[in-house]
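J.: Here are the chains, one letter per residue:
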Amino acid sequence: MDGVNPVNTKITVHAIITRGDGSREEIDLLLDQIFVKDRED
Amino acid sequence: MTSTITATSRSQIVGILIEESIMAGFFPYLAVGVGPGTSSATDVALFEESGSRTEGTSLTQTTTVTSGDTYTWLGIYTSPTNQTLTNLGLFQAQGSPVQGQLVQQVSSNTQGYILPSNYNAWPTSYPFDIQVSTEVMTVTGGDGYQTLYVGRGQNGSTALSSIPAQTWITQSDTSMFAKVDFTGLSLNTGDSVQFTINVQFQ
Chain A
0 MDGVNPVNTK ITVHAIITRG DGSREEIDLL LDQIFVKDRE D
Chain B
0 MTSTITATSR SQIVGILIEE SIMAGFFPYL AVGVGPGTSS ATDVALFEES GSRTEGTSLT
60 QTTTVTSGDT YTWLGIYTSP TNQTLTNLGL FQAQGSPVQG QLVQQVSSNT QGYILPSNYN
120 AWPTSYPFDI QVSTEVMTVT GGDGYQTLYV GRGQNGSTAL SSIPAQTWIT QSDTSMFAKV
180 DFTGLSLNTG DSVQFTINVQ FQ
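Chains A and B supply the protein sequences, listed in that same order.
With numbering that gives the first Met the number 0 applied, the first sequence corresponds to residues 0 to 40, in that order.
With numbering that gives the first Met the number 0 applied, the second sequence corresponds to residues 0 to 201, in that order.
Since the hints were made in silico from the structure, they are not lab data.
Keep in mind that a hint or two might mislead.
Unchecked claim - Between beta-carbon pairs, the in silico distance windows are:
no.	chain 1	residue 1	chain 2	residue 2	range
1	B	G111	A	S22	43 to 53 Å
2	B	Y125	A	S22	48 to 58 Å
3	A	R23	B	Y125	47 to 57 Å
4	A	T17	B	S51	40 to 50 Å
5	A	S22	B	P79	12 to 22 Å
6	A	R23	B	T123	41 to 51 Å
7	A	D20	B	T123	39 to 49 Å
Claimed, not checked - Taking beta-carbon pairs under 8 Å as the criterion, some of the chain B residues facing chain A (in silico):
no.	residue
8	F194
9	T195
10	N197
Bear in mind the structure is a predicted one, so any value in this text is a computation, not a measurement.
Think of the CB as a built atom: it goes at the ideal place given N, C-alpha and C, for glycine as much as any other residue.
Work the whole structure out from these sequences, hints included.
T.: Encoded structure:
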C-alpha cells in the first residue's frame with residue numbers, strides 16, 4: 000500500500016424534461032465513477 | 000491498511016468549490032455534447048459540444064452520506080434543435096471551443112499530424128490541446144494550409160491506433176470541472192430540461 004488516496008466522487012444527473020406538448024419526464028442518467036478535476040486558474 | 004479523507008474534508012472541498020463560484024460572481028456553465036465516447040479524468044473537452052453553454056441557476060452544498068459532502072448544481076437547458084445528448088460537463092468558462100472534424104483518418108498511434116475540416120478556424124498560437132475521441136493531443140504547429148502537427152497521448156490519455164475520418168476535434172477547455180456520458184437523451188427543438196447535477200465526494 001502506498002497511501003495513495005484519490006478523491007472518489009459519485010456523480011448523478013437528474014433531468015426533468017418538459018416537452019413541447021407540455022408533457023414531463025424525469026430521468027436519472029445513472030452516472031457513477033466519473034471524476035472531478037480541479038479548476039485551473 | 001486503509002486510508003481516507005474525513006467527512007470534514009469532504010465538506011471543506013465542497014465549500015471551497017462553491018466559494019470559488021461566489022467569488023467569481025457566476026455559477027458554472029453547463030455544456031452538452033452529442034458525440035460518442037467514455038469520459039475520463041484526462042479529458043479536456045466534451046465529445047462534440049453542441050450549442051451554447053448555460054449558466055447554472057443555483058449552487059448548493061447538500062448531504063448524501065456525510066454532512067455537506069455533495070456539490071449540487073441546478074440549471075435549465077433548452078434544446079435549440081433536435082438532438083440526442085450523449086455527454087455533458089460543467090465549466091467555469093462560458094465560451095464555446097473551436098471544433099472541426101478529421102477529413103482523413105488517423106492511422107497509427109504515432110502519426111504526428113491531423114487534417115481538420117476547418118484549418119483556418121484553429122488558433123495560430125501554439126501549443127494548445129485538443130480532444131479527439133478519447134485522446135488528448137497537443138497541437139504544436141501548422142503548415143499554414145491544412146495540416147496541424149500534433150503530439151499524441153497527452154495529459155495522461157492513450158494514443159489511439161486508429162481514429163476514423165469525421166471524428167470531431169474539440170479545443171481544450173481546462174475550466175471543465177466534471178464530465179459525464181450516458182446512453183442518450185433525445186430532445187426536440189424547444190424541449191426544456193431542468194438538470195440537477197450532484198457531485199458527491201466519498
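J.: Please go over all the hints and tell whether each is borne out by the structure.
T.: Okay, the hints, checked on the actual structure:
1. About 51 Å separates the C-beta atoms of B/G111 and A/S22, a value consistent with the hinted range of 43 to 53 Å.
2. Checked against the hint of 48 to 58 Å, the C-beta distance between B/Y125 and A/S22 comes to roughly 50 Å, which is consistent with it.
3. About 48 Å separates the C-beta atoms of A/R23 and B/Y125, a value consistent with the hinted range of 47 to 57 Å.
4. For A/T17 and B/S51, the hinted distance range of 40 to 50 Å is not satisfied, since their beta carbons lie about 19 Å from each other.
5. For the hinted restraint 12 to 22 Å between A/S22 and B/P79, the CB-CB distance of approximately 20 Å keeps it satisfied.
6. As the Cβ distance of A/R23 to B/T123 is approximately 47 Å, the hint placing it in 41 to 51 Å holds.
7. A beta carbon spacing of about 48 Å between A/D20 and B/T123 agrees with the range 39 to 49 Å that was offered as a hint.
8. Interface hint status for B/F194: upheld, as the beta-carbon distance to the closest one in chain A is roughly 6 Å, under 8 Å.
9. Taking 8 Å as the C-beta cut-off, the interface hint given for B/T195 holds, the closest approach to chain A being about 4 Å.
10. The beta carbon of B/N197 is positioned within 8 Å of a beta carbon in chain A (closest approach about 5 Å), and the interface hint is therefore held.
The structure fails hint 4 only (numbered hints given earlier).
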